[in-house]
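Undergrad: If you want the building blocks of each chain, they are given just below.
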Amino acid sequence: MGNLIWHEYARFVSLTASAYTIWAAFWGVLYRKFFWDFVGGIVRNPGGIQPNPNVSVMITLIVKAPVIQIFAFVLGCAIVMVEYPAPFLKNTIFSRSLLVKTMMLLVQSVLAILFYQGTNGAIWSLVAMGCYIRAQMLGEKVEEAKQNRGRGGKA
Amino acid sequence: MGESWFRREFLTPRRLIFNVGFYGLHLFFFAYGWYSQATNTRLSALNGLKWSVWTSRGAGLVLAFDGGLILLPMLRNVIRVIRPRLAWAFPADENIWFHRQVAYSMAFWAMVHTTAHYVNFFNVERTQVRPEIALDIHYTQAGGITGHFMLLIMVLMYTTAHHKVRAQCFEAFWYTHHLAFFFMIGLYSHATGCFVRDDAEPDYITSFPFYSTEHCLGYESWRFVIWPGIIYFGERVWREIRARRATRLSKVLVHPSGAMELRIIKPSFKYVAGQWLFIQVPDVSGFQWHPFTITSAPEDPYVSVHIRQVGDWTQGLGERVGAGPSVVQSLTQAAMKGKEKDENSQYGTRGDFVELDPSYSARPLPVVRIDGPYGAPAEDVFKVEVAVLIGAGIGVTPFASILKHIWYRQRKGTLGSLKRVEFFWVCRDAPSFGWFQSLLQEVEAAQADPNFLRINIYLTQKIGEDMLWNIAVNDAGAEYDPLTLLRTRTMFGRPDWNSIYSRMRQAVETGQYLPGTNAQLRTKVGTYFCGPSVLAKSIKEACVANSSAHVNFSFAKEHF
Chain A
1 MGNLIWHEYA RFVSLTASAY TIWAAFWGVL YRKFFWDFVG GIVRNPGGIQ PNPNVSVMIT
61 LIVKAPVIQI FAFVLGCAIV MVEYPAPFLK NTIFSRSLLV KTMMLLVQSV LAILFYQGTN
121 GAIWSLVAMG CYIRAQMLGE KVEEAKQNRG RGGKA
Chain B
1 MGESWFRREF LTPRRLIFNV GFYGLHLFFF AYGWYSQATN TRLSALNGLK WSVWTSRGAG
61 LVLAFDGGLI LLPMLRNVIR VIRPRLAWAF PADENIWFHR QVAYSMAFWA MVHTTAHYVN
121 FFNVERTQVR PEIALDIHYT QAGGITGHFM LLIMVLMYTT AHHKVRAQCF EAFWYTHHLA
181 FFFMIGLYSH ATGCFVRDDA EPDYITSFPF YSTEHCLGYE SWRFVIWPGI IYFGERVWRE
241 IRARRATRLS KVLVHPSGAM ELRIIKPSFK YVAGQWLFIQ VPDVSGFQWH PFTITSAPED
301 PYVSVHIRQV GDWTQGLGER VGAGPSVVQS LTQAAMKGKE KDENSQYGTR GDFVELDPSY
361 SARPLPVVRI DGPYGAPAED VFKVEVAVLI GAGIGVTPFA SILKHIWYRQ RKGTLGSLKR
421 VEFFWVCRDA PSFGWFQSLL QEVEAAQADP NFLRINIYLT QKIGEDMLWN IAVNDAGAEY
481 DPLTLLRTRT MFGRPDWNSI YSRMRQAVET GQYLPGTNAQ LRTKVGTYFC GPSVLAKSIK
541 EACVANSSAH VNFSFAKEHF
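Protein sequence lines correspond, in order, to chains A and B. Per the UniProt record's numbering, residue 1 is the first one in the first sequence, and the count goes up by one each step. Per the UniProt record's numbering, residue 1 is the first one in the second sequence, and the count goes up by one each step.
For the record, the hints were derived by calculation from the structure and aren't laboratory data. One should not assume that every hint holds.
Claimed, not checked - Partial chain A-side listing against chain B, Cβ under 10 Å, derived:
{"id": "1", "residue": "Thr16"}
{"id": "2", "residue": "Ala24"}
{"id": "3", "residue": "Gly48"}
As the list claims (entries may be wrong) - Quick partial rundown of chain B residues pointing at chain A, CB under 10 Å, derived from the structure:
{"id": "4", "residue": "Thr115"}
{"id": "5", "residue": "Glu125"}
{"id": "6", "residue": "Thr127"}
{"id": "7", "residue": "Gln128"}
{"id": "8", "residue": "Pro131"}
{"id": "9", "residue": "His138"}
{"id": "10", "residue": "Val165"}
{"id": "11", "residue": "Ile205"}
{"id": "12", "residue": "Phe208"}
{"id": "13", "residue": "Gly229"}
{"id": "14", "residue": "Phe233"}
{"id": "15", "residue": "Tyr302"}
{"id": "16", "residue": "Arg308"}
{"id": "17", "residue": "Gln309"}
{"id": "18", "residue": "Asp312"}
C-beta: ideal position from N, C-alpha, C; glycine also.
Looking at chain A on its own, in the form it has when it is part of the complex:
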């Protein structure tokens, strides 16, 4: 496929997925629900799904206290900072290593798949991860960030 630079493309997907996850995690705090609660759960009218007691750990971490959502929120913000990259992260190991980004995306997709709102964020994180893995397989290197050399249109 042409001369597509995979890690540069992956960055866009990763930013999108992380932004989605941040937004989803925010709503996940307001409307708490364990995504997998239908497994072994029973439906009550009214009240919705009553999850299986076997998954009470997840219910504690997601419904009783939104721990997973807050983790996902923080991690999403961290990925956006690494990818953008935030000024203090420029040219550090975080914004230059494709492996670090892949790992962060993997954790993000694991966190996001656990709560109700995060599914798409998890899938898109996996897509971004796949692109990063492809970039590493092709041996792509992150280019040195350009120093302050001015922008086009400005003298």
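Starting from the structure of chain A, add chain B where the hints point.
TA: Same frame as chain A, now just chain B:
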């Protein structure tokens, strides 16, 4: 950018009208969707979900509107037909810009709609207003499945449409953007799950549209927004049919600068100067269509495009016609040698182009298909009295056709109101566009009236010492410019547009510029620019600043 966001968006009348109309309509549809849901007594059970269902219905209606709008700017053939009639009403050449605005708006409202639905389904499950759980709606019903698919397609389409990706690998953008087909299917069938209904179970029927409008109370917006989709699909089919009409690649010329000139004969292909076309070479790629500017004039018996071998497709094409990079390189070297040999002649030549002889190679010339032509504002040059043609860098290509066309019209004496042509060519290094120079040479040599066409070439690159000496020694007193081999002198550095335009205005006003024109009439000076947008802005500012009661400077920009 120098000017503030507020100034650009709100203090420019045209942009203000667009913003108020475009975003006003969006807000109106949102409000209407909200209101009609909130006040519908038949949907009172759904209204128990409160603000989230009102928001999702409102945003859904806005998205339907956007889904109808997004294809409108892509109806290239329709735009080409209506452009001359409606150019005053909307900038038909800004179609890609409009497409992007709709896309941005679509992303925003998709966020609103999806967020609201996540809350809706959560509450449907909790209150059991319908006997189903949230994930049933998300992943087993038409609305949820198509919605999630459309979001995924949007992620892929938006990310590959980034200008960086398009520049790196146009194919990635080109192929991914065809997911739009599935996106549109998803959009039109999004409501077939009958989510908006007045009873607990959906009321499906066996005939089209497979749900009963007695109980399914959606907006039925697909009845409206499907039309642009159908027209677009028809247009694609029509383009395919048109592309299959008899087309023959008659000649391939290789210019010493490395550009290939394809001369194509297609009798059914009618165009005007300054337009562009899509070209496909099935031997190189069966699906890809690549845009190129037409460089022949409509009077020519063939359609020609000049292709430089810069990307993988153009290189593949070069290999296929037997003009691969190695061939071109040796040609260029031969041309340079030839130049050295000719040194003691009056002036050097850049070496002539070489025609590739198809019988010479084992394979015949490849089959090509062309699709087009598509519009560009430079069709209007004959309506103004003075045409200022400005090409920057590779943006000079459409002017090849225009200059040739003007030349043909000049010979026939059908120039319309056009009295003078000022041609500006701003580029970093002129020698890389050798083929264009040879064209300019022809046009310049054919000028009978020395004042009709004036060629101004500006070279903006930093000049090395060798080149400086070369110019200093060779330029003085020579009949031809040593760099471009034109009679016109090359100027160095960036042009100062403001002073160029103000001098032109003064000359027009004092009657020196256009002898015999009545000073009481307003002289129309049209500027036609092709090149980077930073330069476009400064030229446009100079045009606006110098318009006076007697001279009207207008500005038009071309896009690729």
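Undergrad: Should the hint that Val165 (chain B) touches chain A count as held when the rule is a Cβ pair under 10 Å?
TA: holds, 6 Å
Undergrad: At a threshold of 10 Å, is the proposed contact between His138 (chain B) and chain A supported by beta-carbon distances?
TA: holds, 8 Å
Undergrad: Closer than 10 Å between Cβ atoms is the bar; does Asp312 (chain B) clear it against chain A? Give me holds or violated.
TA: Result: holds, 6 Å to nearest chain A Cβ.
Undergrad: Does Thr127 (chain B) meet its interface restraint, that is, does its C-beta lie within less than 10 Å of any C-beta in chain A?
TA: Interface hint status for Thr127 (chain B): holds (5 Å vs cutoff 10 Å).
Undergrad: Does the CB of Ile205 (chain B) sit less than 10 Å away from some CB of chain A?
TA: It is violated, given that the least Cβ distance between Ile205 (chain B) and chain A is near 28 Å, above 10 Å.
Undergrad: Taking the closest Cβ pair, is Thr16 (chain A) under 10 Å from chain B?
TA: With a minimum Cβ separation of about 5 Å from chain B (threshold 10 Å), the hint on Thr16 (chain A) holds.
Undergrad: Could you check if Ala24 (chain A) really has its C-beta closer than 10 Å to a C-beta on chain B?
TA: holds, 8 Å
Undergrad: Let's test the interface hint: is any C-beta of chain B closer than 10 Å to that of Gly48 (chain A)?
TA: Since the shortest Cβ distance to chain B is 4 Å, the answer is holds.
Undergrad: Would the stated hint for Phe208 (chain B) survive a check requiring a Cβ distance to chain A of less than 10 Å?
TA: Violated: closest Cβ of chain A sits about 31 Å from Phe208 (chain B), beyond 10 Å.
Undergrad: Holds or violated: the hint that Gln309 (chain B) contacts chain A, with Cβ atoms closer than 10 Å.
TA: violated, 14 Å
Undergrad: Interface hint check: Glu125 (chain B), Cβ to nearest Cβ on chain A, cutoff 10 Å. Holds or violated?
TA: Cβ of Glu125 (chain B) sits 4 Å from chain A, so the hint holds.
Undergrad: Is the hint on Thr115 (chain B) kept, meaning its closest Cβ partner in chain A is under 10 Å away?
TA: holds, 6 Å
Violated hints for the displayed structure, listed by number in ascending order: 11, 12, 13, 14, 15, 16, 17.
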